[in-house]
Amino acid sequence: MRKSLLGFATVAALAFGQAGFAEDKPVTIGVSIPAADHGWTSGVVFHANRVAETLMAQHPGLNIIVKTSPDPASQANALQDLEIQGIDALVILPTDPDPLVNSIKEIKGKGTFVAIVDRAPSVNDESVRDLYVAGNNFALGEVAGNYIKATTPDAQVVVIRGMPIPIDQTRQDGFDKAIAGSGVTVLDRQFGNWNRDDAFKVMQDYLTKFPEIDVVWCQDDDMAVGVLQAIEQAGRTDIQYVVAGAGSKDMIKRVMDGDKMIPVDVLYPPAMVGTALEMTVAGIYGQVPVRGTFTVDATLITKDNAAAYYFPDSPF
Amino acid sequence: MGTDVNQEVEVKSRWQEIDLRAVAPFVALALLLLLGALVNPNFIGLNNLANVATRSAFIALIAVGATFVISSGDLDLSVGSMVAFVASVMILFMNTNVIADPGMMIAAAMALALVMGALCGLANGLITTLGKIEPFIATLGTMGIYRGLTTWLSQGGAITLQSAEQQELYRPAYFGEVAGLPVPILVVLGVTSVAAFVLYRMRYGRHVVAVGSNPSVARYSGIKVDRVRTTAFVIQGVCVAIAVVLYVPRLGSTSATTGILWELQAITAVVIGGTALKGGSSRVWGTICGAFILELVGNIMLLSNFISEYLIGAIQGAIIIIAMLVQRSLVRRS
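Quick mapping for you: the protein sequence lines, in order, are chains A and B.
Counting from 1, one number per residue, gives the positions in the first sequence under my numbering.
Counting from 1, one number per residue, gives the positions in the second sequence under my numbering.
Pulled out of the complex, with its shape left as it was, chain B reads as follows (with noise of 0.2 Å):
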């Protein structure tokens, strides 16, 4: 009997070791990737997992910067009209043809592409911070900005990237793979590595979360509490730029629906990966995690033969709730 107690406690204290906020996601997902296997052989199979990897390439990205945003206790609602504003205006820039060389023509249109982002972001930064306003009402505002301009671009039709070559040159950059690991999920994993870098091991990340925490005692510490926020949007405004230059080279084509409700589920990934909605905290990998989970629950009603076209929406949002009870109880446990 006593013995047990002990092996508990000995058991407990090796679990308490791990941060189980930071592991839950990841459990969540193993439990997703086994339902997923018992609802259609198909599914385990590397193609069907690098497809959906790849698919939630973007949200994942959208994400991280998310998690900036979030942990510094913001709200970002602008992001999905961002990647259509942002991308069109790229293809537009790739349209006009102004270098001859088409790779180098690409090249500065990525360039373009994250210093529009980077701009945008900052005037989110700025509307939010100078400007006093809440975020959810910045984001608010900018997202019908950012939508409205992308329709008045695009004459509400679609915006397509006219040179084969470009798009011949350029086509690899979302569906080539390098070593056998598709160039999306290489580009998450880095760029998830540095925000972690600058999360964890920067002073930056350490005043994001201070911020996130509570703007005042912050403040009172030293730390530019404006500067700070309006970094993270603009660190949002780079990683929606990221995603984008990876989405042109897919289709070629973006309209006005564009993106759309991409803020939301950027919003959920980060949620599912364990960052607090209130800010104060950030776990960035469990992002892309919560990101891969999303795109994972979709694919898995698709391959499943029994459930009725018209539930996929109800049982998504049943399945996202369920892994969020997942992750609470683990982290209760401990």
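Excised from the complex, chain A in its bound form (with noise of 0.2 Å):
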């Protein structure tokens, strides 16, 4: 009798185990992404937990656990916590990824699956991580200039930048590119931080400065806010539009209603982050390949598809 029972409970535990791949496998995944500090981030944010709802609706047996760090020190703590509460995989977005390549590692070490986002190490091979989704600012400076050239060939622009770190240079080169042996011409870079009252600034300087601008490329949707208030202030009619970028629900609100000002929007999307989850979770229930490196593009967003980017319920 016991022995018919043991043999029973092996022949369930087979037949489960020949389901590994079933709705209801427990499966553990940690997500550790920054604190929403400025807008971007607080996307991050907003879709990480959006897109693991979904996916927590779809497999019964997934569990998520999404951590907010503010610094790499704290993160570096909260990937050691994920790993106690035993994960199959983690999706990181680090704070800054250098300082933290070691935890990543040690959690790699264990046979965790792993995939970063957006920002790499310098070391960025499978030593470190099975999966990298990968913005692209390159392209995001490229996809800008592409459409100021086309639109105004002769183009008199002025660029306001983020600050001086490789991001910003690696969206400048991009734009550059494009730009390259067409008639649009840089009238004048400066800094805006990133932030809406240096960008309101920087604009308001460049309004006295140039008699005549064309375009003003800010690159950044937070930056823009500022830009068009000055634009306005200053009731300077010769500035044609502004090209911004990432995909804040204001900005992409004014593509789909028409704004004159804001034609375009240049992705570079925070719900990346849900594509690593996503990508994470195929990997594992569908059995599909998903580890080697995909690049997000920076998508144009138009009237015409601004509909299929915007979250109104976001606090990006």
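One thing to keep in mind: the hints can contain errors.
[Claimed, not checked] Negatives, chain B to chain A, calculated, CB over 12 Å: (1) L49; (2) A111; (3) L114; (4) G131.
[As the list claims (entries may be wrong)] Footprint (simulated), chain B over chain A, 3 or more residues, beta carbon under 8 Å: (5) 185–193; (6) 204–215; (7) 301–310.
Source of the hints: derived by calculation from the structure; they are not laboratory data.
All C-beta atoms in this analysis are idealised placements derived from N, C-alpha and C, irrespective of residue type, glycine included.
Mind assembling these two chains? They're in different frames, but the hints should get you there.
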């Protein structure tokens, strides 16, 4: 009797093991992201939670733990906490990738699937992560440049940069490549620190400095708020439009509504954390290959496709 | 030869009649204006100068409050965060639309901002005096608290004024003009006049300077030192709130990065204006001159065609130091 019972249990266990990719297979995924300290990261937190809820509803066995951390030191602690809870996979958008490499490697070393999002460490190979989901900073500049070149071939453009860091430089390089050899000229470039108030000041000064400006490329939706206000105050009508980027709900709404000053927006989506999460889950439940690098396009958002990128409930 | 010496003495004594320390920031300002005019002919245009003066209004107003705090020997590092916090609460309140009439709604929101500012300042003052915590640490703590509350209120995103009607009605508070002068400049002049009256003509003003020079002596002289210091923090809070009332109509929105590092700009403006960082002196007109100088330096850099955008920070720093050196040399001559 006891023997047959045992046998039954074994068969049951085997059957259970066979259905290893069934929807109720218990899987825990840890998501570690920066705390919402400015617009873009608040979007990251929103989309991480949004996609986590959808995925958990689809897969009854799936448990996703989302943790936010304000700085690399506390993110390293958060990674340890996640590890103790026994995670099968980790999706991480590092606050600062290099100081966190060792903590990530520690988890990867235990056979956990690791997906890094957006910010890659200097050594970004299979020893650190299985999947890398990247935004495309070069394309963000390039797409903006191409749009300006195509729409206003002889435009005089003023550029408002972010901060003097590599991401910003890559975006400038993309822009320069796009407009190289065209009639588009850059009148000036100054830093606006990705901050509305600073962008307002820089734009006011541009308006004083140049009697004739055709287009403003300010790269970032937050800065566009200050730029538009400065143009409105000066009552200048020579500026035809402003190209920003990232994909905040306010700017996408303007594109949807057909605002002449904001005809397009260039996407650098905080929702890419959701891309990484979906791919990780697909790898576990769907048994499809997801290891490698996936670069999210800097999509040009126009009036026609804006609705697909509009999240009215998002803080960003 | 003898007449020369006599003349020199005469000139010197005439110089001494005016307080050189008070005049020095204005001399530095004049030199900067000259430099700006050389850099770009558009600089000296009335439009540009009005823009810059209007922009400097926020820091100027905050710095007027900081003049009180610094003269009384304290320091308030929380003002930048306080701007963000008070402005966020103000916008959230306006978005509730609890009062149907938009005009009354804005008036109520302004009143709320002033009360909030005063309370935030009171908190700083009480923590410093009752809690007997160094103002540097106390306000560093509240700086984190106000900033954190703002981030929490906005969930990291932006808090934006929703009603277009309110926005339209409120816009002139920053962009409007009265008799050709932008409203923020008038507000700064008004607030500074009141502050100057309080500091130089009222007993409280003399107490502030006395407490800042030597708190022990002030205490033995019968001055309620803690009350004087706390009041200075409350005045600072109210000044921050006045700045907020002008700030909200400009962009109609706040975010977690609103007002970041404004505390350092305010302190710099106070010191450029001739108030000693160690307390015991107050020059409130110099303070608003200092705020204007700070904003002008950035403006001149941007209007120039020959300075790399990477070097702006370094040159700004250098100009501020040179402006201070010009002041000091003037003061020494007296």
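Okay, the hints, checked on the actual structure:
Its beta-carbon lying about 10 Å from the closest one in chain A, B/L49 breaks the requirement of being farther than 12 Å from that chain. The non-interface label for B/A111 is consistent with chain A: the shortest C-beta to C-beta separation is roughly 25 Å, beyond 12 Å. At the 12 Å boundary, the C-beta of B/L114 stays outside the reach of chain A, the nearest C-beta of that chain being 22 Å off. For B/G131, the requirement that its beta carbon stay farther than 12 Å from each beta carbon of chain A is met, with the minimum near 26 Å.
With 3 residues bearing a CB less than 8 Å from a CB of chain B, the region 185–193 of chain A meets the requirement of three and the coverage assertion stands. A stretch counts as covered by a chain when three or more of its residues have a beta carbon under 8 Å from one of that chain; for the region 204–215 of chain A and chain B the count is 5, and the coverage holds. With a threshold of 8 Å between beta carbons, the proposed coverage of the region 301–310 of chain A by chain B is violated, since 0 of its residues qualify and at least three are required.
Checked against the numbered hints listed earlier, the structure breaks hints 1 and 7; every other hint is satisfied.
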